[in-house]
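Construct the complete structure from the given sequences, taking the supplied hints into account.
Protein chains: 2
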Amino acid sequence: MKHTVRFQPDNITVTVDKGENLLSAAAAAGVYIHAFCGGDGVCGKCKVRIDKGEVSSGKANLRQEDWNQGLRLACQTTVSSDLVVTVPDKTTAGGKALKRKPKTTRTISARSLETLTGRWNVDPPVTKLYLELDPPTLEDNISDMQRVMRGLRAVMPDSLEPSYDHPELIKVLPAVLRESDWKITLLLLHGRRQEEPDRIIDVEAGDTTARLYGLAVDIGTTTCSGVLIDLNSGKVIAEASAYNAQIRYGEDVISRIIYAGRPGGLRTLQNKVVATINAIIEDICRTMIISPADISYIMASGNTVMSHLLLGLDPKYIRESPYVPSVSQFPLTKAAGLGIQAHPSVRLFLYPCISSYVGGDIVAGVHAAQIAKSELVTLFIDIGTNGEIVVGNKDWMVSAACSAGPAFEGGGIKYGMRAANGAIENFYIHPVTYDPMLITIGRIKPSGICGSGLISVVAELLDSGVIDQQGKFNRNLDQPRIRDGRDGWEYVLAWSQDSLIGEDIVITEVDIDNMMRAKGAMYAGYQTLLESVGLTFADLERVILAGNFGAFIDLEQAIRIGLLPDMDREQFYYLGNGSLLGCQISLSDVRRFRERVQVRQLITNMELSENPEFMSHYMAALFLPHTDMSLFPSVRDRLADRN
Amino acid sequence: MKHTVRFQPDNITVTVDKGENLLSAAAAAGVYIHAFCGGDGVCGKCKVRIDKGEVSSGKANLRQEDWNQGLRLACQTTVSSDLVVTVPDKTTAGGKALKRKPKTTRTISARSLETLTGRWNVDPPVTKLYLELDPPTLEDNISDMQRVMRGLRAVMPDSLEPSYDHPELIKVLPAVLRESDWKITLLLLHGRRQEEPDRIIDVEAGDTTARLYGLAVDIGTTTCSGVLIDLNSGKVIAEASAYNAQIRYGEDVISRIIYAGRPGGLRTLQNKVVATINAIIEDICRTMIISPADISYIMASGNTVMSHLLLGLDPKYIRESPYVPSVSQFPLTKAAGLGIQAHPSVRLFLYPCISSYVGGDIVAGVHAAQIAKSELVTLFIDIGTNGEIVVGNKDWMVSAACSAGPAFEGGGIKYGMRAANGAIENFYIHPVTYDPMLITIGRIKPSGICGSGLISVVAELLDSGVIDQQGKFNRNLDQPRIRDGRDGWEYVLAWSQDSLIGEDIVITEVDIDNMMRAKGAMYAGYQTLLESVGLTFADLERVILAGNFGAFIDLEQAIRIGLLPDMDREQFYYLGNGSLLGCQISLSDVRRFRERVQVRQLITNMELSENPEFMSHYMAALFLPHTDMSLFPSVRDRLADRN
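Note that the protein sequences, when read in sequence, are chains A and B. Using our numbering, you'd call the opening residue of the first sequence number 20 and step up by one each time. Using our numbering, you'd call the opening residue of the second sequence number 20 and step up by one each time.
Because the hints were derived from the structure by calculation, they are not lab data. Each hint should be verified, as a subset may be incorrect.
[Claimed, not checked] From the derived model, a few chain B residues whose C-beta atoms are all more than 12 Å from chain A:
{"no.": "1", "residue": "G49"}
{"no.": "2", "residue": "G72"}
{"no.": "3", "residue": "I256"}
{"no.": "4", "residue": "R281"}
{"no.": "5", "residue": "K433"}
{"no.": "6", "residue": "G521"}
[Said to hold, decoys possible] Simulated pairs of lysine-lysine, DSS-like, Cα-Cα distance not exceeding 25 Å:
{"no.": "7", "chain 1": "B", "residue 1": "K190", "chain 2": "A", "residue 2": "K353"}
{"no.": "8", "chain 1": "A", "residue 1": "K335", "chain 2": "B", "residue 2": "K202"}
{"no.": "9", "chain 1": "B", "residue 1": "K147", "chain 2": "B", "residue 2": "K254"}
{"no.": "10", "chain 1": "A", "residue 1": "K190", "chain 2": "B", "residue 2": "K335"}
{"no.": "11", "chain 1": "A", "residue 1": "K353", "chain 2": "A", "residue 2": "K335"}
{"no.": "12", "chain 1": "A", "residue 1": "K291", "chain 2": "B", "residue 2": "K190"}
{"no.": "13", "chain 1": "B", "residue 1": "K335", "chain 2": "A", "residue 2": "K202"}
Ideal placement from N, C-alpha and C gives every residue a C-beta, glycine not left out.
Written out as structure tokens, the structure reads:
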């Protein structure tokens, strides 16, 4: 349910979900409110007055007289109806709200996702078929398996004869047939191609057609996520995620590859990711009160290193030039053979990879977004340690990975951290006083800055003139938060008393420099790929942001620092976890399932690491937003406005 | 090398191989010679005079004066050149040679086998392909497997893209490619159908195309036999066989099924047959100085129970009416997965079975003999505990099993034994004195009677009037060997001093009765099958005898007792071990390999066990040769001759 919130005195209205936090609503509206403690209620700065409408609010850190006057702490208040809210002068520290930012980013709603993915059918590659067979007699004593085949032919007369190559199946078949009085349910796996016959992969006693589940798994370097789908309805019925238990052996793929080279290392890493998937399965099954044996198949995707490690393939040559993976189209694998807690019949499909650093997660995302079916020239971006980029449409696609570095995952940033509770994820600065408005994940005191927070901080510092386009602090501003610290110039995001870690949380020039390298690598990647096919940014008709990180990026801020191209905001789409979504769709619809290999074959990869054009674009991008300001007209205008 | 031996005074000539035993040569010629000790040289009865030519001979049990006169013991003498041999009056005990029997049976020669099997190609379903690949560069860094696929496409541009689903393959591929400097040999398995793509099943460093071997295995209830084939030349290069180590858990399939039902029994039996196959592989590899890893694939066949046990399938329902096997078309199986000492890539193919008691060994034999390609209406027979019968031609085939009982394997016969050293395998009787001429396996003193010996004994006893057509002894003959013994009337084949076991070896009326039941079941089987398709014996154009036992049957004797139909002797063929031969051919020629499943599908099985027609034919067949003598005109004439 939606409500409108009108902020006074600036008369800015925003539409939010019921239950939305009022501080976040203000941030969304571009209304600046003092907020130093991340939303924890301790700094007591974010007082607003509720003029009209219902809210739900806590009283912490608010004097009784304030309460009686209708004042509330925005960070402790949630929206219960349409509201009119006045932000007192004191709260905005100057009575001047920020200019309202255009609300251009398309949110992840079912409708907008469908414009990307299209509709898919509930016609999964694994199906169940209930059969009632005639019991054998002396006149009709063909083998049990022949009887099953004959029963199948009777109901599917026009299909190719299914195959069966699963020894466990024929071991259990005689007992299942007899205990069920010759009434059984077959589990059929459709062929990888239309012309390929089905395969019988399991048999169950009685009619079990109502129980048919598939698991989609995104195997991330940091986090693995699983979604259980009821394949009869196509509905998601449970979700779970867990940190990839490999993480203790290295944060990124390179350190995992190194660890895999140690004695027993490969085996350990394989076991760890399998344990992670098992934890997700257990979690889901506990929630849904189903047995892991009820999961009939698994569709997974991951980057090339994660895919190799899951299958126990040595990723060694992925790290060494010329960066060659063992395999890009993974063979059909039995989940139980890997150690996954699944019925022996369960196949685990892995999305094919493109190259050593453009993996199955990207193919799954490109597939989910159906780029290969669209006329629109699309830039597909997944930002992380390795930023992966795909450019193309239904006629051609090129891909590349650019080593953005770990800045967006908190690496190389003094107070950088993962997107966990306490991470500053959203930041606004008061244009006059340069005081911060912090919003943290979990609305607790800040303990650091996550990737989306970093973008937010740098964009706001730039916008307010606290830093210049080279990322250097303005040494002349009168604000104690801007200071020459131990590691050079810095801005204090949170004083020690407002921080969870008991020390000042700052962003330094070195941090900003690292972030600029990261975003510069991404942007240089877009340019190099486009040029490789003779295009420019002007030819782009659509940008799709994939990945969990992508989903939290503020579009305006990301464009302002030069991470994303300066295009019509209506041309941007948030896909969310495209890797997981691709798996979900392939799991549900056999036509999509069969498409996924062709999608991968349409994509030509380009190696950027030693490419001179890339290097030159990269150097030019080490500026906020870019040395060539003609590429960023909206930012140019805004910065000019400011001056 | 062949030599002729002319026996005097009857002037009967026979052609034998150089090195043939002279007693056996006489038997083949139908020349009766006293021989009581089975060919051991101890009875000293079989003296003959070498008139012309070279022999190699021992002096044991021959007086010097006899030696000086040119006398030799036939059983201790082998043929070294063309010979003229006189059989002295004393040696034939009456100077009267047996009537020469017509030499009608076609022997197992390469030529005559080829008239059955046709020529097959050396174009095996598993092939090797040597590839020299371009090493990867930054501009060309597709995955190792893609590089292999591209190399394959370059040399096989018109083929379907091969598949690969063998996880070990992609695990070793990167190392193999790099250590071999990108020069590799692929092992390819052709599809089961023409339209099915090849499958890459292994990769080896360098050019190993010269080493390509396949193993054919016949998995018998008693004996397993293996043949190693060089798949580059199609030549058999080594053979080995071993008793099926399951034998200690039961002699026949029924006792094995019972044992399989005990706790751990199935697993034990599977392990034992796997150990037997491993022993054969070791034996062959030791002989040929190759590694088991050089064997690229295995084609096996066995009866339905043996096939089930090898794959670890419970044979329980095979024994219970209505006699249903779990599966008749066996799934593709990895040999190593069963515990067979083979490279992990090696597939073990099992010939499909027809029914619970007509197994893959029969399909392999029918396939080897190419009955499904012939116009000739053929009766295919494999005689053992379970006699299996197939009738048909290229248009239709019907099969049945008839429980002949164990008589032909030595069971239910007082001195019955397997076809091992000391077993009487050939027997002739002197038509006047009723003295025996015994030939044993291994030419040692007799210790019992094997199946072919039993046929020989009963046929000779009938022919000489020692027994009548009901199998009862003529109580009026003046020969101490014919006596009323402890178990009723019997004939002494060997006195205790001439026997290995130190007691009289006899054949009793009970023995003869059991043998009649066995042959009666077989004959009733032929009749019932023929009638089921509206035919009679007159419609038969060919009889093929399969199985090791079949190869040792004397055609005349077998017809005389009513085990085989009384047809033109030219219409009989000995196939030998058709099960092994079928495996060999399928191993060598992919077209035959693909045919084998269709052959099985052409055959319709008939259950005889509770069939009233079968029972009535069976009762009529409990006579020597049959109650309906019009079915055995040649035997009728011969018996009439005698009287």
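Here's how the hints hold up against the structure:
1. G49: Nearest chain A Cβ is 46 Å from G49 (chain B), so the label holds.
2. G72: holds, 59 Å
3. I256: holds, 31 Å
4. R281: Holds: least Cβ distance 17 Å, greater than 12 Å.
5. K433: At about 35 Å from chain A, K433 (chain B) clears the 12 Å cut-off, so the statement holds.
6. G521: holds, 49 Å
7. B:K190 / A:K353: Since the Cα atoms of K190 (chain B) and K353 (chain A) sit roughly 16 Å apart, the hinted pair holds (cutoff 25 Å).
8. A:K335 / B:K202: holds, 20 Å
9. B:K147 / B:K254: Satisfied, since the Cα-Cα distance of roughly 17 Å is no more than 25 Å.
10. A:K190 / B:K335: holds, 11 Å
11. A:K353 / A:K335: holds, 24 Å
12. A:K291 / B:K190: holds, 19 Å
13. B:K335 / A:K202: OK: K335 (chain B) and K202 (chain A) at ~20 Å, within 25 Å.
Checked against the numbered hints given earlier, this structure breaks none of them.
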